[in-house]
Each structure stands twice: as structure tokens, then as C-alpha cells.
Amino acid sequence: MERALVLMGCAIGAGLALIAGIGPGIGEGYAVGKACEAIARQPEQKGSVTTTMLMGCAIAETTGLYGLIIGLLLIFVAPGLFLNRL
Amino acid sequence: MHTQIEITGAKILLELPFGLTITETQVNMWIVMALITGVCIWLTHDLKVKPTSKRQIIAEYLVNLVTNFVEGNMGKKFKSYTPFVAALFSLAMCCSLISLLGMYSPTSDLNTTIGWALIVFFIITYYKIKTNGPLGYAKSLTEPIFIMTPMNIIGEFSTPISMAFRLFGNVASGSVISALVYAALAWLNGVIFGWLPGFLGEWADLFPILQLGLPAVLSLYFDIFSSVLQAFIFCMLTMLYIASAAQTEEA
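Residue numbers (the working numbering), protein chains in the order written: chain A, 374 to 459; chain B, 442 to 692.
Calculated directly from the structure, the hints in this document are not laboratory data. Just so you know, even glycine gets a beta-carbon here, dropped at the ideal spot from N, CA and C. Please note: incorrect hints may appear among the correct ones.
[Unchecked claim] Partner residues are not named here, just some residues of chain A that face chain B (Cβ under 8 Å, in silico):
id : residue
1  : M426
2  : L427
3  : M428
4  : A431
5  : L438
6  : Y439
7  : L441
[What the hints assert, rightly or not] Over 12 Å on every C-beta distance to chain B, these chain A residues come out as not near it, computed from the model:
id : residue
8  : L380
9  : G388
10 : G398
11 : A408
12 : Q418
My request is simple: use the sequences and hints to build the entire structure.
So, in C-alpha cells, the structure goes:
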């Protein structure tokens, strides 16, 4: 019973942690949209706009990746850790 | 018809005394290092003043590319960082691309990326102390007011942590998702073709036809696009952080 509770908590927690993916998704979409506008306005700056956009996207992705790492830890590490304590 | 999903970290290949271990990460890293060294030696042996071979033209093109890239982002002052950035980029890229061969990618081990990020962190701190002096560096931690010191210290340490986790998270998540998709397709294959009569049903597990198309597309994104992009971003951030650390802040 306790095992089942621990596993359930870890699984639900992992699912909740990945809600963090919403933010980067919105942010990156916004950044790419703005980059498209910039390229449409100044097509000759396409190269540098794309580079900057990719940089910004990668940095915006970081918060989502923190959530992902928490999710991975909850799935692969936390059950073993907590079950050993029981 | 129960498919086992195996997602593990680096396997330990050899245990040495004093608790030291040789893991898959290290062995694959040695392979990558040998590969890069070999390519460099092959590209640069018997160079001539006037290039006659295609090999030398490629080598000169690559060196020019990296030099211009570093100078454009960091300024002429940091031209000596070209080899460092080039080495970091080629290592990060080849370490991630090695997963195309089905080997364990060293960058999906957090130890590797933390190591690289720590190198960058020490360089950044060195330049901050060198440009502002030890006292100036200590003073910059207490800005704008004294109460903000803990936040500033956390901010200092979050730089290497975020760099390491960004590279690790991208590569590791790619391999985890690939493994999950392979397992799901194998299961689906068994469900669909397992009903076939006779030997066809028994062979369904041996020849998972559904695993043919979709994983290739995922692999194209996670293994090729994502790893090259993340290697590029790691180097880009390294250059930007180092260059901004060396800027004097007299404002």
C-alpha cells in the first residue's frame, strides 16, 4: 500500500512538473513570431536575426528543462530513494 | 507480449580501487577525443604555404570560420580563445552525434556537462576578478543594495548550473523520448501483427515493421538538429559570458 502511494505520488508529481513546459512554449512562439516580423521588415538581416532568435529560444527553454529534469528525477530516482526509506 | 523499457544512465564498465570507476561516458569520450584528434592530424599534416590539396583548403576554411566567429562575438582581445571554443564545440557536437551510432552519448551524463560548465565558470570568475580587482568583485556582489547579496551569489552559481542542465537536459530528454517511442512502437507492432496466423504472428516481434519510419524523423530532430544547436549555444553562451565578464563596469 505504501509502495503504491509512493509510486503514485512520484508519477503525479512528474506529470505536474512538466506543466513547466507551457511557459517556454508560449515564450518561444512569441520570440519566433517576432523574429518573423523582423525578417519580413528587414530581409537582409535574416542571418543575424535567426542566430539571435535561436539563442533566445535556447535560453527560454531552460526553465522548461528544469521542469523536465525534476520529472526525470521523480520517475527514475525518487521512487528508489523513497522506497528504501520505508 | 510485455515490452521492457530500459532507460539507464551510463553503465559502469570497470571498477578501480579507491572507489574509482570507468563508465561508458569516459570510454565514449575517449573515442570521441581520439576521433577529433585523428581528424585534426589528418587535416593538418604536411601543410604548404600555397594550398594545393583540398584537405588544406578545408582546414583553412574551418580555422577561418571559427576565428571570425570568435572575433565577431568576443572582440579582437579574445582571439586566443579560438582553440578553446573550437575544441568545446567539436567535443560537444561529436559527443551528441555519437548517439546516432547507437552508443551512449557522453553529454547525456550530467558529469560531463557540469565539468565543462565549471571550466567556463572559473574563466568567467577569473576575468571578473581580473578586471574589477578582488574588492571590486566583492563589491559587485552587494549591488544594488547590501540585502541583495544572497541573490547575487545564487545568480553567480546559476550560470554554470543552467549551462550544464541545458545541454544535459536536451540530449538526455532526446534519448529518453526515443527510447519511449521505440518501446511504444514495439508494443503497437505486437498488438497489430500479433493476431496474424502461423509464423507471421510469431515473427511480428522479430521484425517490428512500425519502427521503420517515425524514429528516423525523431532522430533527425533530437540527434542531429538539437545536438548541433545545443553545442552551438553552449559555445555561444561561453563566449558571451566571458566577454561580458571582462567588460569594465564603470557605469
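Subject >> Non-interface label on L380 of chain A, tested against every C-beta of chain B at 12 Å >> reply: holds, 15 Å
Original post:
Should the hint that A431 of chain A touches chain B count as held when the rule is a Cβ pair under 8 Å?
Top reply: holds, 4 Å
Subject >> Cut-off 8 Å, beta-carbon criterion: hint that L438 of chain A touches chain B >> reply: holds, 4 Å
Original post:
How about Y439 of chain A: closest beta carbon in chain B under 8 Å, or not?
Top reply: holds, 7 Å
Subject >> Interface restraint verdict for M426 of chain A against chain B (beta-carbon cut-off 8 Å) >> reply: violated, 12 Å
Original post:
Checking the smallest CB distance to chain B, is Q418 of chain A really beyond 12 Å?
Top reply: holds, 15 Å
Original post:
Per the stated criterion, does the least C-beta distance between G398 of chain A and chain B lie above 12 Å, as a non-interface residue requires?
Top reply: For G398 of chain A, whose nearest Cβ neighbour in chain B is about 15 Å away, the distance exceeds 12 Å, so it holds.
Subject >> A408 of chain A remote from chain B - nearest C-beta pair above 12 Å >> reply: Check passes; 15 Å lies beyond 12 Å.
**OP:** Take a quick look at G388 of chain A and tell me if its Cβ sits farther than 12 Å from every Cβ on chain B, holds or violated.
**Re:** holds, 14 Å
Original post:
With 8 Å as the cut and Cβ atoms as the points, is M428 of chain A at the interface with chain B?
Top reply: holds, 6 Å
Original post:
Regarding the hint that L441 of chain A lies at the interface with chain B, is the smallest CB-CB distance below 8 Å?
Top reply: With Cβ-Cβ at 6 Å, under 8 Å, it holds.
Subject >> Evaluation of the interface hint that places L427 of chain A against chain B, nearest CB under 8 Å >> reply: holds, 6 Å
In the structure shown, a violation is registered for the earlier hint numbered 1 alone.
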